[in-house]
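Novice: Single-letter residue listing:
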Amino acid sequence: MGFSLTPKDTGFYDLFSQSAKHLVEGAAELTAILGATSQEERELIAKRLSEVETSADEATHELLRKVNSSFITPFDREDIHGLASALDDCVDHMEAAADLVALYRIDDLPQGVTKQVEILSRMADLTVEAMPRLRSMKDLSEYWIEINRLENSADKAYRRMLAELFNAEGADPISVMKHKELIDELEAAADAFETVAHKVEGIAVKES
Amino acid sequence: MGFSLTPKDTGFYDLFSQSAKHLVEGAAELTAILGATSQEERELIAKRLSEVETSADEATHELLRKVNSSFITPFDREDIHGLASALDDCVDHMEAAADLVALYRIDDLPQGVTKQVEILSRMADLTVEAMPRLRSMKDLSEYWIEINRLENSADKAYRRMLAELFNAEGADPISVMKHKELIDELEAAADAFETVAHKVEGIAVKES
Amino acid sequence: MGFSLTPKDTGFYDLFSQSAKHLVEGAAELTAILGATSQEERELIAKRLSEVETSADEATHELLRKVNSSFITPFDREDIHGLASALDDCVDHMEAAADLVALYRIDDLPQGVTKQVEILSRMADLTVEAMPRLRSMKDLSEYWIEINRLENSADKAYRRMLAELFNAEGADPISVMKHKELIDELEAAADAFETVAHKVEGIAVKES
Chain A
-11 MGFSLTPKDT GFYDLFSQSA KHLVEGAAEL TAILGATSQE ERELIAKRLS EVETSADEAT
49 HELLRKVNSS FITPFDREDI HGLASALDDC VDHMEAAADL VALYRIDDLP QGVTKQVEIL
109 SRMADLTVEA MPRLRSMKDL SEYWIEINRL ENSADKAYRR MLAELFNAEG ADPISVMKHK
169 ELIDELEAAA DAFETVAHKV EGIAVKES
Chain B
-11 MGFSLTPKDT GFYDLFSQSA KHLVEGAAEL TAILGATSQE ERELIAKRLS EVETSADEAT
49 HELLRKVNSS FITPFDREDI HGLASALDDC VDHMEAAADL VALYRIDDLP QGVTKQVEIL
109 SRMADLTVEA MPRLRSMKDL SEYWIEINRL ENSADKAYRR MLAELFNAEG ADPISVMKHK
169 ELIDELEAAA DAFETVAHKV EGIAVKES
Chain C
-11 MGFSLTPKDT GFYDLFSQSA KHLVEGAAEL TAILGATSQE ERELIAKRLS EVETSADEAT
49 HELLRKVNSS FITPFDREDI HGLASALDDC VDHMEAAADL VALYRIDDLP QGVTKQVEIL
109 SRMADLTVEA MPRLRSMKDL SEYWIEINRL ENSADKAYRR MLAELFNAEG ADPISVMKHK
169 ELIDELEAAA DAFETVAHKV EGIAVKES
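Residue numbers (the numbering used here), protein chains in the order written: chain A, -11 to 196; chain B, -11 to 196; chain C, -11 to 196.
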C-alpha cells in the first residue's frame, strides 16, 4: 500500500459498516414480505424496503463524496468506489424483488423462494460482520469463503426451482413469468453479495 | 486534472456534440415507429434507426481513435472512453427497441410506451444541449438533475405498465412476452441516458 | 508500453493459451448436446461442460494470482485481468446454455440453435489460435475482424430466430420461454467472444 505519513481517516470504515447495515434491514423486510397475508401488507413492506434503499443510496453518496474530498484514503479510491457500489447493488436487487411481489400481487410464492431469502439473510449478516475487519484486513478469508459457499448453494437451489417451474404440468404461463422474474431477481441479489465478497478479497490481496 | 502547458484539443468537444446528435435522431425515429400504420412502415423506420446506430458507432470509434492518438486530452482518457461508450449505449437500446417493434410485428402497442418514448426524446434533447457545456464545465448540474428526475418518472411509469401488463385478465401470454421485452428495452434506454448523466457528473466533479 | 530492463515473464502467454483451450472444449460439448437423443445423455454432457467450466475458473484464478505476485507483467495488469475475465465469461455462457438444455429437458431444439453453436465453435477455434500471437502482437487484426464478422452474422441469425419463435402460430408459451432463454444464452456467449476480441484489440492498440 505504499506509505502514509499521516494517520488514515478511519471514517471510511464506519461508513462501510453503516452502509452494510442496510443489507440486514433489507433482508429482514424481504423475509417479512414472504409471510405477508394481504396485498396491503405486501405493498406496505415493499414501501419500507424502498425507504431502506433510499437510505442506502444516501450512504453510498456520502462515501463517494468522502472519497472525492479526501486527500488520503485507507485503500485505493477505485476500490472504495467499487465496494460502495457493490454494497448498493445488493440493496437494489432486494428492493426490486420485494417490489415484484407487491406489483405482481404474487400470493402463491414458490416454496424455494423462502430458501433463497434465508440465504440472502445469512449473506447480509456475514457481510455486516466483515466490514469492521477491513480496518485490520485480518480474518476476512473465512467471510469470503463462506459467501462463495452460500452463493453456490443459492445457485443450485435456483436452477432446481427453474426446472420445477418450467416442467410443472399445466402451469399458467403468466404465473410462470411472474415467478421467474422474482426468482431471477433474488438470484441476482445473491450474485451481488458474491461481488461484494470478491471486492473485499481483491482489496485484501492488494493491501496485505 | 494536473496541468497542461499547451491548449487542449477542442476537437473532442465537437465530437461529443456530434455523437449526441444521434440520440435526437434515434428518439425521432422511435417516435415515428409508434405512429406507423403498417408492417412495411415499421420495418422501414427500424432500418433507418439501424443506420443511425451505425453512424453513432462510427462517431464513437472516431472519438476512441482520437483518444488513442492524442498526447493531451481535455479530461482523463478513461472518462472520455466511458462517456463515449455511454452515449453509444443509448442509441443501441433505442435501435433494439425499434427492431423489436418490427421483428415481433407489434401493432397493438401498450399505451404507456408513448409516455416512455416521450421521456426518451426529452432526455435526448437535454443531453445534446449539455455536450457543448463540457468545455466550460459550467451549468451542467441542471442537466443531470433533470435527467435523474426524468429517469425516476420513467421508472415509475415502467413499473405501473408491468403491473398492468401482468395483471390484465385473459391476456395472451405470447403478447405479454413481446410487450414485456419492448418495455424493458425502452427502460434500458432511459437507464442508459442516466448513465451518461452520471458520467458527466463524475467528470465535472473531478475537473472542477 | 514504456521500457522493461528484464525479459518479461512468458508464462502469461502460456496461461492465456491454456485458458482459451477451455473454449474449444466447451464448444465441442455444446455441439454434442445438440445431438443427444436422451435426457440422460443431455445431463451427462451438461455435467462434463460444468467440469470444463470449473477447470476454466481455476485457470483464470491462476492467471490472476500470477498477476498479483508478478513484479513485471507483459502488459497492463488491468488488461490481463480484463482478458482473463472475458475468456472466463465465454465458458460460463456455454455452460449455462448446456445446463438449460438439460434442466428444461429441451428435446425439440429450434433449428437455428445449430447455426448459433456452429458460430460459437468457429469463434472458439479463432480465439485459441490468436492467443499465442499476443506474444508478438502481430497478425491479430484478422482475428478480431473475423470475430466481429461472425458476431454480426450470429446477431442476424438470433433476431430471425426470435421473430420465428414469437410469430409461430399456436406456439406453447412455456416452450417459447424455454427456447427464448436458450437462444439468449447462446447469443450472450457470442457477445462474450466479441468482448474477448475487443480486449485483444485494445491491448494490441496500446502496446503497439
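Bear in mind the hints are in silico, worked out from the structure with no lab data behind them.
Warning: the hint list may mix true and false statements.
Same chains, same label: a pair holds when it works inside one copy or across any pair of copies.
[Stated by the list, open to error] Calculated cross-link-like contacts (lysine to aspartate or glutamate; reagent style EDC-like; alpha-carbon spacing at most 16 Å): (1) K54 / E152; (2) K144 / E31; (3) K187 / D64; (4) K194 / D179; (5) K9 / E173; (6) K144 / E130; (7) K35 / E13; (8) K187 / E66; (9) K126 / E106; (10) K54 / E29; (11) K194 / D143.
Novice: All hints, please: hold or fail.
Specialist: Hint-by-hint comparison with the structure:
1. Taking the shortest Cα distances, K54 and E152 never come within 16 Å of each other, neither inside one copy (47 Å) nor across copies (42 Å).
2. Within a single copy, K144 and E31 get their C-alpha atoms only as close as 30 Å, which misses the 16 Å cut-off; across copies the closest is 15 Å, which meets it.
3. With identical chains, the CA atoms of K187 and D64 are at most 16 Å apart within one copy only, with a shortest distance of 12 Å there and 20 Å across copies.
4. Taking identical chains as interchangeable, the C-alpha atoms of K194 and D179 are never at most 16 Å apart, the minima being 23 Å within one chain and 31 Å between chains.
5. For the identical chains of this complex, K9 and E173 are neighbours neither inside a copy (20 Å) nor across copies (33 Å), given an alpha-carbon limit of 16 Å.
6. Neither within a single protomer nor between protomers do K144 and E130 lie at most 16 Å apart by alpha-carbon distance, with minima of 21 Å and 41 Å respectively.
7. For the homomeric pair K35 and E13, the shortest alpha-carbon distance inside one copy (13 Å) is at most 16 Å, but the shortest distance between copies (38 Å) is not.
8. Taking the shortest Cα distances, K187 and E66 sit within 16 Å of each other both inside one copy (11 Å) and across copies (14 Å).
9. For the identical chains of this complex, K126 and E106 are neighbours neither inside a copy (27 Å) nor across copies (49 Å), given an alpha-carbon limit of 16 Å.
10. In this assembly of identical chains, K54 and E29 lie within 16 Å of each other by CA distance neither inside one copy nor across copies; the values are 38 Å within and 53 Å between.
11. Neither within a single protomer nor between protomers do K194 and D143 lie at most 16 Å apart by alpha-carbon distance, with minima of 28 Å and 38 Å respectively.
When the structure is compared with the earlier hints, violations turn up for hints 1, 4, 5, 6, 9, 10, 11 and for no others.
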